[in-house]
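Heads up: the sequence shown at position 167 corresponds to 167 in this note's numbering, and the numbers run straight through without jumps.
Bear in mind the hints are in silico, worked out from the structure with no lab data behind them.
Be aware that a few hints might be false.
With a cut-off of at most 27 Å between alpha-carbon atoms, the simulated DSS-like pairs for lysine-lysine come out as follows [what the hints assert, rightly or not]: (1) Lys63 - Lys136; (2) Lys197 - Lys176; (3) Lys89 - Lys63; (4) Lys63 - Lys176; (5) Lys201 - Lys178; (6) Lys178 - Lys197; (7) Lys200 - Lys176; (8) Lys38 - Lys89; (9) Lys198 - Lys178; (10) Lys178 - Lys136; (11) Lys178 - Lys63; (12) Lys200 - Lys178; (13) Lys200 - Lys136; (14) Lys136 - Lys198; (15) Lys35 - Lys136; (16) Lys176 - Lys198; (17) Lys136 - Lys197; (18) Lys176 - Lys201; (19) Lys63 - Lys35; (20) Lys136 - Lys176; (21) Lys63 - Lys38; (22) Lys89 - Lys136; (23) Lys63 - Lys197.
Here are the simulated distance ranges between beta carbons [claimed, not checked]: (24) Asp32 - Ser137: 44 to 50 Å; (25) Cys77 - Lys35: 33 to 39 Å; (26) Gly101 - Arg202: 25 to 31 Å; (27) Glu39 - Asp144: 40 to 46 Å; (28) Ile203 - Glu22: 41 to 47 Å; (29) Glu22 - Ser137: 34 to 40 Å; (30) Arg80 - Ala160: 31 to 37 Å; (31) Lys35 - Tyr87: 19 to 25 Å; (32) Pro204 - Asp177: 17 to 23 Å; (33) Thr31 - His173: 22 to 28 Å.
Ideal placement from N, C-alpha and C gives every residue a C-beta, glycine not left out.
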Amino acid sequence: MLWGVGIDFVNDDLLIIEERTERAKYGVYRTDTDKLIKEGAFLAIGNGPFEAIHPYLWGNGNKDTLYAADFSGRLRCVYRINVEHIYHKDLWETLHAPDAGELLLFPSMAMMNDTLCFVIGSGLYSDNILSVIDFKSGIVEEVDGFNFPGFNPPSEFKVAKHLVYCDATLLKHPTKDKLVYAGRVGRHIEILETEGKKIKKRIPSVLYTRHFVSLPNNGKC
Numbered sequence: 001m002l003w004g005v006g007i008d009f010v011n012d013d014l015l016i017i018e019e020r021t022e023r024a025k026y027g028v029y030r031t032d033t034d035k036l037i038k039e040g041a042f043l044a045i046g047n048g049p050f051e052a053i054h055p056y057l058w059g060n061g062n063k064d065t066l067y068a069a070d071f072s073g074r075l076r077c078v079y080r081i082n083v084e085h086i087y088h089k090d091l092w093e094t095l096h097a098p099d100a101g102e103l104l105l106f107p108s109m110a111m112m113n114d115t116l117c118f119v120i121g122s123g124l125y126s127d128n129i130l131s132v133i134d135f136k137s138g139i140v141e142e143v144d145g146f147n148f149p150g151f152n153p154p155s156e157f158k159v160a161k162h163l164v165y166c167d168a169t170l171l172k173h174p175t176k177d178k179l180v181y182a183g184r185v186g187r188h189i190e191i192l193e194t195e196g197k198k199i200k201k202r203i204p205s206v207l208y209t210r211h212f213v214s215l216p217n218n219g220k221c
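Take the sequences, apply the hints, and build the full model.
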């Protein structure tokens, strides 16, 4: 029986599935006509090197490369993994993440090239939806030009907005400098054309502006 959370990566006859096991976070499966055969598992559970507690795994259009990161409290690093070397941790490339400071980053990322990575999240007082990590310079900064739509809570503390619009998926075009932002709770989809660390053009696709009202709790939780 397959106890999977979701299919995170597909490459021809290869499927990588996040699993609910005590040994490793991801199972590797091969398709054989109408059968699904488990080949192995990787990314051990833990806080050490080549381990993860709350993993995020994604591809970037190149079927031979996948990325894995751990979002357990803070982003420590990103592993760039050739699918032929899944079981050989010594061949994984480690991209050490710079300190994000007070930025609240969420587990949805898109590698634009070897050093730049867009990620959902920003400062707690910010209206920006995205930030960018420069692994070469060691800098994490917010991306201007793509802000929370819709409601304005009374507090300058933007946690409510983050919970609504940072619950989203970020995907990169296989060959172009384009991103798709797809919000789940916020029901908001946009195509973003990027240039380096900046957003050059926004193409709204689906926009459903939610309306929220702040109510007193009368001392109740």
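Comparing the hints with the structure gives:
| no. | hint | result |
| --- | --- | --- |
| 1 | Lys63 - Lys136 | 24 Å, holds |
| 2 | Lys197 - Lys176 | 14 Å, holds |
| 3 | Lys89 - Lys63 | 19 Å, holds |
| 4 | Lys63 - Lys176 | 16 Å, holds |
| 5 | Lys201 - Lys178 | 9 Å, holds |
| 6 | Lys178 - Lys197 | 12 Å, holds |
| 7 | Lys200 - Lys176 | 13 Å, holds |
| 8 | Lys38 - Lys89 | 19 Å, holds |
| 9 | Lys198 - Lys178 | 11 Å, holds |
| 10 | Lys178 - Lys136 | 21 Å, holds |
| 11 | Lys178 - Lys63 | 18 Å, holds |
| 12 | Lys200 - Lys178 | 10 Å, holds |
| 13 | Lys200 - Lys136 | 22 Å, holds |
| 14 | Lys136 - Lys198 | 17 Å, holds |
| 15 | Lys35 - Lys136 | 43 Å, violated |
| 16 | Lys176 - Lys198 | 14 Å, holds |
| 17 | Lys136 - Lys197 | 13 Å, holds |
| 18 | Lys176 - Lys201 | 13 Å, holds |
| 19 | Lys63 - Lys35 | 22 Å, holds |
| 20 | Lys136 - Lys176 | 21 Å, holds |
| 21 | Lys63 - Lys38 | 19 Å, holds |
| 22 | Lys89 - Lys136 | 22 Å, holds |
| 23 | Lys63 - Lys197 | 25 Å, holds |
| 24 | Asp32 - Ser137: 44 to 50 Å | 46 Å, holds |
| 25 | Cys77 - Lys35: 33 to 39 Å | 36 Å, holds |
| 26 | Gly101 - Arg202: 25 to 31 Å | 26 Å, holds |
| 27 | Glu39 - Asp144: 40 to 46 Å | 44 Å, holds |
| 28 | Ile203 - Glu22: 41 to 47 Å | 44 Å, holds |
| 29 | Glu22 - Ser137: 34 to 40 Å | 39 Å, holds |
| 30 | Arg80 - Ala160: 31 to 37 Å | 35 Å, holds |
| 31 | Lys35 - Tyr87: 19 to 25 Å | 21 Å, holds |
| 32 | Pro204 - Asp177: 17 to 23 Å | 18 Å, holds |
| 33 | Thr31 - His173: 22 to 28 Å | 26 Å, holds |
Going through the hint list in order, the structure does not satisfy hint 15, though it satisfies all others.
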